[in-house]
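K.L.:
Take a look at the letters that make up each chain.
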Amino acid sequence: MAAINLNLISGRSIQQGVAIEGGKEKPAYRTAAGIIELDLSDLKKLGAWKGTNVRVTSDYGNVIVKAIETTQGPHPGIGFIPMGPWANSIVNPNTYSTGMPTFKGTPVKVEVAINEPIMLGIELVQRQCGVKVG
Amino acid sequence: MAEYIIKNGHVFDPLQGIKGDKADVAIKDGKIVKDNQVSSKAKTIDAKGKTVMAGAIEIHAHIAGPKVNIGRIYRPEDKLFTYTPKKGNIRMAGGTSIPTTFKTGYEYAKMGYTTAMEAAMPPLFSRHVHEEIRDTPIIDEGAFPVFGNNWFVMEYLKNNEIENTSAYCAWLLRATKGYAIKLVNPGGTEAWAWGLNCLSVNDPVPYFDITPAEIIKGLIEANEYLGLPHSIHIHPNNLGNPGNYTTTLDTLKLAEGYKAKNKFGRDQVMHLTHTQFHSYGGDNWANFESKSKEIMDYVNKTKNITIDTGNVTLDETTTMTADGPFEHHLTELNHLKWANVDVELETAAGVVPYIYSPDIKVCAIQWAIGLELALMAKDASRCFITTDHPNAGPFTRYPRVIKWLMSAKAREAQIKAFKNSDKVIAATHIAGMDREISLYELAQMTRAGPAKSLGLASMCGGLKPGMDADVVVYDFSPDKPVANPDQIEAAFSRAAHVFKSGVEVVTNGEVVNNGNKRTIWVNAKVKENPQVMRDIQEKFLKYYSVSQANYEALGHHFIPNPYAIEVDASQ
Amino acid sequence: MTKTVTDVVCPFCGTLCDDLEVVVSDDGKQLTEVYNACVIGTEKFLHSQAKDRVTRPRLRQEDGSWKEISYDDAAEYTAQMLAKAKKPLMYGWSSTNCEAQSVGHEIAEMVGACVDNTAAVCHGTTLIAVQDIGIPSCTLGEIKNRADRILFWGCNPAHAHPRHMSRYSIYPRGFFTGKGQKSRKMIVVDPRVTDTAKLADVHLQVEQGRDYELLNAIRVALNNEWLPDVVAGIPAQKIREVADICKSGRFGIIFFGMGVTQTLSKNHNIDEAIALTKHLNEFTKFSIMPMRGHYNVTGSGEVLAWQFGFPYSVDLSRGFARYNPGDTSTIDLLARGEVDAMFTLGSDPGAHFPISCVKQIAKLPSVCIDPHQTPTSGVSKLHVPVAFCGVEVGGNAYRMDNVPIDMRKVVDPPAGMLTDEEFLIKVRDRVKQLKGAA
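Chains as they are written, first to last, in the working numbering: chain A, 6 to 139; chain B, 88 to 658; chain C, 349 to 786.
So here's chain A without its partners, still in its complex pose (with noise of 0.2 Å):
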């Protein structure tokens, strides 16, 4: 399978925006959030379609998201997830002393995961930390 590398940034959409205001709990945060924008010369190098679930892997964990193509490049080499847990799931939390964490810069590797699911933002979450829930 083809893996591209890249630098990840996140940060605030509209989208993303409206869909904490509706529900975290709700699908149409993942929609939002649940995402990793890329350049389309980068969806080429990938060798991936528009609306693909990718795996999303750098030092310090991995997640399943769908990428699609950026409507806010061209930025090739720069891949974009809304802030939320998928983006928070890989950022580096390093803070180097400063209280904050690197969110923006964290180098990433992004391959083709066609038959993993994206999870809900809160169910994300739990998972990974373990909360058993009922």
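One or more of the hints may lead you astray.
To be clear about the criterion: a stretch of chain C counts as covered by chain B if any three or more of its residues have a C-beta under 8 Å from a C-beta of chain B, and this derived list gives those stretches [unchecked claim]:
{"#": "1", "stretch": "443-452"}
{"#": "2", "stretch": "475-485"}
{"#": "3", "stretch": "490-496"}
{"#": "4", "stretch": "657-671"}
Bear in mind the hints are in silico, worked out from the structure with no lab data behind them.
Just so you know, even glycine gets a beta-carbon here, dropped at the ideal spot from N, CA and C.
We have chain A already, so just place chains B and C on it with the hints.
P.N.:
Here is chains B and C on its own, set in the frame of chain A:
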């Protein structure tokens, strides 16, 4: 409420002309009463060999609001080694030149201060000022909204519309729950919005086509039209620059011919604040010198003016003022961190840390000038002690300033300690001055005087029956000679007893009660003025970034315990 | 019948718009329409009406299910947890009013907690820089009335502060800016061609993480000194062009966001941005302003500062206030496993902290106070739903330029629900009992 009788103290009360006579002061239901009006249950405080005064009044300090808080936010170092932990109901407290609100209330109370005025409230931020006032325990507080660079004021005064200016001032005092009309570098702060300044009373304000002199005179007229308790309270143009005393005299002269009109017993039409910063000669930092004599000669002969000193205390501090261009000038001089906030349609503010080092000639001259002003005052009830907290030093240094004023020996020791002692002596008058301020004069400068100037003389600053029971007992005997001037500082640092509105808030120098603080504001009624109301509406629609309906400081959260002084100018 | 509430304040972002109109039913219980708000603000008001809303506290059971409990029991649980802990962390405070913050601080003082707000993962590094070098700034109305040079650096208001450009910064016609957008030059610095960048006169597509160099290069250009051909991916000529645009304005402003606070150089980026602003004041008038995220994160900083002297990351555990980001900051406290209870109000660290920190939260005794179900409530032992602040209860909030605005209540919360402040007062009174008179 508990009753008290403070027995056998040496009472100093200029309001009643009491000059240290042994007398009893009785307290009942939050008020001072005749000593035969308390019951046998009244708790006796033995004040034998001690000094008894009314609670002191702070007429000018920056203790609440946005610029004080940016000072706290951007100076974590100001808190180092200062914190006291929570104890019972007394909150933890810390900070030096910009103490937390709790510390502000506690420190004032420990020194025997029971009322304080926040000297510059940006109207758009009045809700912030009031939140901090609410969290400052014990002391009664008012706040002066700034008017000297306000677009409405400048537009009305350009056409000499005094009635409209007055109506607007009354509206803004009500909207912000403000106490008095404050001017800071009139016109100059508006000019600063374009990076410019007005350094004399005749420099035109960019675009508005008006001069500082016109703004000052117009606001004196509006103030007296309304009959407010306080006069205009002015920080004039050209602060802090060598040779600025001429600008100061030009400013003072603008009050000539005006007479106070009010029902509060106030006589002055202008209060000139932190006069020390405005009494400089020379034309550069090398030939910088004191012009205190020139200023005080004028003040002494001019009855319709009051001043406060702005004493430099030789500390590290945090300067802050609505004089935006001055703070930019200061950061260019000392290269310390600079905060600035320009406020739409109204004002600006700047903040820069400063170190008044006794090793620096200019700082030592500033120290001398502040003391000279008070020592040259012929009428102690028109010259008040301030440090323009925190600009010339923290208010917690009042006891040290009092020591310097009351002891020529203490001053001499300080002059000798200066690195550039000879140069300082040559540039000032301080070395030859042997006047020592008496306790009676001290009570005039810190109690009766500021109370009268603020129009509060019937409420506080004195010990007449019927007044609020704000009473202080200092462990200081006027009978005994002072062996060491430091005794003065120690006694005034920590009062033996402090009563605020009849509640004992300090005992043996420690805060024992959070009191029942009030927010004092002025509710001025004017004739209905549809034009001004339309102008206000229009400015909010077009130029403000908040809606008019969301502008006013209202309600329990902001002013839980209001005390409104009513003024009726509608006739 | 319905009635319209005007001048409503929007409790979403730091823009704190106060011109919303909200239509409510005559009995004040139903909210039906929202005018003037952006899509996010509209959603916030409308979602408060959701039928599936949680309206009572819920305690996680052994089997992982929720059990509904009363507010009194929830307050008891919270008070016990905080009173027993040696070093509890009380985090959030950015989506609530100043009244609630004040009560929370009283509790924190009694139990010796670490208190922190969302600046920890937002503009905390800005505050560090401000402590280094200061901050020349202004209110948003000054921008509207005077500014002719607008820089957006590492921020994307088209997405994060949707009405910022129309209310304050780009489009409005102010007193000295009568031609609105035509009076202004707009410069955007961002590694992506964001929807904000697409509106700009000049877009500098900086290499991600190289903001410090670019800021420094603009200062070099201001001094007309030598520059390499390309800095941070931007040709020197372009840098000089931007420096000239800034210099030639009458009143300029740099708005900045997470693009500079969260990249590797962090507070140093902001140091340099402020130094650039200060530098520009030698030529003209310039200001700088952080684009604060939560509607009242600024207020939390203000209240913390006047009550304790520090704007965030305040550690009260020794009986007095300490502040040392990197040491007393939430992310580091969690990463080092230093706190023994987690109290969250008005924020969602479960969604917005790196997962390693969220795992720590899940291990601790924890209470989450939030009107929504969130990843934080999902990993907490107790979830206390409360009234929506700014919708179902008013209270004071501070806009990104520190201007305080008193929010309005527009509808009643569902019957029996408490506000943040009401719940905290219950907890405070119980903690007082547990801790005795002292």
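K.L.:
Are at least 3 residues of the stretch 490-496 of chain C within less than 8 Å of chain B when you compare beta carbons?
P.N.:
Since 4 is at least three, the answer is holds.
K.L.:
Please check whether the stretch 657-671 of chain C has three or more residues whose CB lies within less than 8 Å of a CB on chain B.
P.N.:
With 8 residues close enough to chain B, the hint holds.
K.L.:
Check whether three or more residues of the stretch 475-485 of chain C sit with their beta carbon closer than 8 Å to a beta carbon of chain B.
P.N.:
Three-residue rule met by the stretch 475-485 of chain C, so holds; n is 9.
K.L.:
Closer than 8 Å Cβ to Cβ for three or more residues is the test here. Does the stretch 443-452 of chain C pass it with chain B?
P.N.:
With 3 residues closer than 8 Å to chain B, the stretch 443-452 of chain C meets the three-residue bar; holds.
Of the numbered hints listed earlier, not one is contradicted by the structure.
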